[in-house]
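There are 2 protein chains.
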Amino acid sequence: MNLSSSALLTDLYQLTMLHAYFAKGMRETAVFEFFIRKLPPNRNFMMAAGLEQALDYLEGLRFGPEELEWVAQSGRFPNEFVTHLEALRFTGDVYALPEGTIFFPHEPVVRVVAPLPEAQFVESRLINLILFETLIATKAARSVLAAPGKLLVDFGLRRAHGAEAGVHAARAAYIAGYAGTATVLAGAQFGIPLFGTMAHSFVQAHDDETEAFIDFARTFPQGTVLLVDTYDTEAAVRKVAALATQFKREGIAIKGVRLDSGDLAALAQRARRILDDAGLREATIFASGNIDEYRLRDLVAASAPIDGFGVGTSLVTSSDAPFLDAVYKLQEYAGRPRRKRSSGKATWPGRKQVFRHAAEGGRFHHDVVTVESDPQTGEALLLPVMKNGRRLAAPESLETLRRRAAAQLASLPERLATLEKAAEPYRVEIAPAVYELADEVDDATSEV
Amino acid sequence: MNLSSSALLTDLYQLTMLHAYFAKGMRETAVFEFFIRKLPPNRNFMMAAGLEQALDYLEGLRFGPEELEWVAQSGRFPNEFVTHLEALRFTGDVYALPEGTIFFPHEPVVRVVAPLPEAQFVESRLINLILFETLIATKAARSVLAAPGKLLVDFGLRRAHGAEAGVHAARAAYIAGYAGTATVLAGAQFGIPLFGTMAHSFVQAHDDETEAFIDFARTFPQGTVLLVDTYDTEAAVRKVAALATQFKREGIAIKGVRLDSGDLAALAQRARRILDDAGLREATIFASGNIDEYRLRDLVAASAPIDGFGVGTSLVTSSDAPFLDAVYKLQEYAGRPRRKRSSGKATWPGRKQVFRHAAEGGRFHHDVVTVESDPQTGEALLLPVMKNGRRLAAPESLETLRRRAAAQLASLPERLATLEKAAEPYRVEIAPAVYELADEVDDATSEV
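Sequence order for the protein chains is A and B.
Residue numbering for the first sequence follows our numbering, beginning at 1235 and increasing consecutively.
Residue numbering for the second sequence follows our numbering, beginning at 1235 and increasing consecutively.
I should point out that these hints are in silico values taken from the structure, not numbers from a laboratory.
No distinction is drawn between identical chains; accordingly, a pair holds when it is met within one copy or between any pair of copies.
Here are the computed lysine-lysine pairs in the DSSO-like style, where the Cα-Cα straight-line distance is at most 30 Å:
{"#": "1", "residue 1": "K1489", "residue 2": "K1579"}
{"#": "2", "residue 1": "K1258", "residue 2": "K1621"}
{"#": "3", "residue 1": "K1579", "residue 2": "K1258"}
{"#": "4", "residue 1": "K1482", "residue 2": "K1258"}
{"#": "5", "residue 1": "K1579", "residue 2": "K1384"}
{"#": "6", "residue 1": "K1258", "residue 2": "K1489"}
{"#": "7", "residue 1": "K1384", "residue 2": "K1655"}
{"#": "8", "residue 1": "K1579", "residue 2": "K1655"}
{"#": "9", "residue 1": "K1384", "residue 2": "K1482"}
In isolation and in its complexed conformation, chain A is listed as follows:
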């Protein structure tokens, strides 16, 4: 069983509910919407990502022989349920915000319209996929806003929560405006540009730091970045400078140096001076080590002469907000709108659409969430992406997604393009038609 694509990557209650739905013949059309209930700390907006992986999942959903065998021998379900599972495919329609779109609480990010068992069953993995990339695209967008024009690279694989998190984080960060990643598999799978130099162990394995630099440079003569903080950063930069003439003679281009510890702003100033004095004006300074959007902002404010940054842990774990209050809720079944009224967790019923209104100058002004049957002006954000279980178009290229994300970030109201919570959050209006529908539903399902 391939871990990422197994149909068993779900919660047990999806199987128990499916069994009950099959037993009762409940196969009418259900409408589920994925949305977040509130913004995480420090966030003024979210950026949607992960839709492609979700559509892959829906298109490929099936119980293979090993999975059916497991269900059959689990002792929990009768044989006819296994037969139902064998036939299970996703045959529904999907509407979604295109990846890279900025969105806000209570706005549907994905709407699934399918026979109840299918729409229900896909819940766990759909949330799992979209929540994570959305979390990381949003976190990455914050670095992009904090350090405009800087080269940002995802260095997070080792601290990511497992294999898939490492690869999907690289994708989400690239969509949001990162220049690339160190994660090779993300390059191989998605064509994301790869970056990488050397670790401290490379320097330590050599008896002498200068010897390590020479070995590495000769192996990668077209452009080599040397890590200079294994022992003493300034001394190491002087060694690089001392090698400049020799390297030039050998045809070796020193692309730059990397700092990974210490007072990055001060060290970068000193390194810049040493490199410039040695005629290495083209050599860039790259920094890593506990970088997040706040440190990026401070380093930019201090005019630290750093050209690029490797961002790891904080990015791939979304360290200050490692989860999202994201849910996937039943909004309609068998043609009748539904809602949940649990304390603090009530939902808006019906199939919904988001209309975005721009201010003069093109920046987003406010959104209106309403039911699909309530026509409104503004830009409709949810688009059809899948019909009868098949994609309506080929996957968008990552370059398209990057352009969209950049345009969306450029259209954010300035007060929201900050690292702290804006005093005035973005305005999202719930249209009167939604309130009316909620009242109707409450009346219809009120206790008898």
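Using the hints provided, position chain B relative to the given structure of chain A.
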């Protein structure tokens, strides 16, 4: 390419360093150690987990045709490097803390002894695997300490960071003392007990809550848990109570009810009374919804009549500490100890062992970290687990790991078995032999 087992699941710099090592013929024995530099917030200890997955990775490491093809066409490396990669296997030795062992900063959790290219290459994935399960086992252990005797179940798949995180979190939590998980694939892969009931959507898809309860109970007559907070919790529990006689007549056993929102302590009190009054004394009360170890402690302190808890987001993201300052550092190469002296990131050189000393009564008293060649009293914690790239024994069963974890938690000094930082942290002594070795290394590598 299978995402979880691909050799390309690594950082680009591992490949660039390997290329340089092969080019220079640097293949002598290297010793790397995995350890953490400091405890995360609120933590007094860590619990080791993830070793089995790391050993699987090491045993299975190889570049397949697709991966070699990618490297060859990447334009970054010459053909002879691809040939080297094709032959790459892990042929080294591994020493490790058995899973379930409690450990502290600066104590090696895993030591790898292998030819430099192999020992270096496995860094990224090894950290990625062990860090995450260790993080989650530790987080789970906190719930176990906070709610002794309660049934704890992992409900986190949807909020986990991807597929692997969902499955590995279930495993780590089970080792630490959880009763099971809702994640089906974790049951299928590891044999972890599965738990699951119904979602709100099941109730909502029915026109009537009572009808939903009857449908579900008839499908699972052997023991059914009914979710009672979709509309009005108390009203729903009364419906369950009203069904008691009918269910009994039909031979249906009501195993319990689940609360998922609201004031859990108060709702549980009322639900308990209603169930008891209806003769449903055996029916348990299960609670979920934003549970973490602090809420568990409060609910236990309030004597809330809740028998079990579903813990999701906080567990699988280790939400208050979603990362670990874990590293994998070169400690020796070609028979000579090595160390890094970067500001704030210096390491202790040499092959190290941890000796644990118990106080009277058997609780842990303090640990001593020393070099392997320095014999000490106390229990040596690092054990050999792999020789020449092969496991020395079959994987330990999860039951063995659970017993070890439980025994370790029971041996924690009481001041550390708390949810907040202890005023007096656990004592970890760095032995004089380690200081002496560090001085020798510093003298030998001091700048010339």
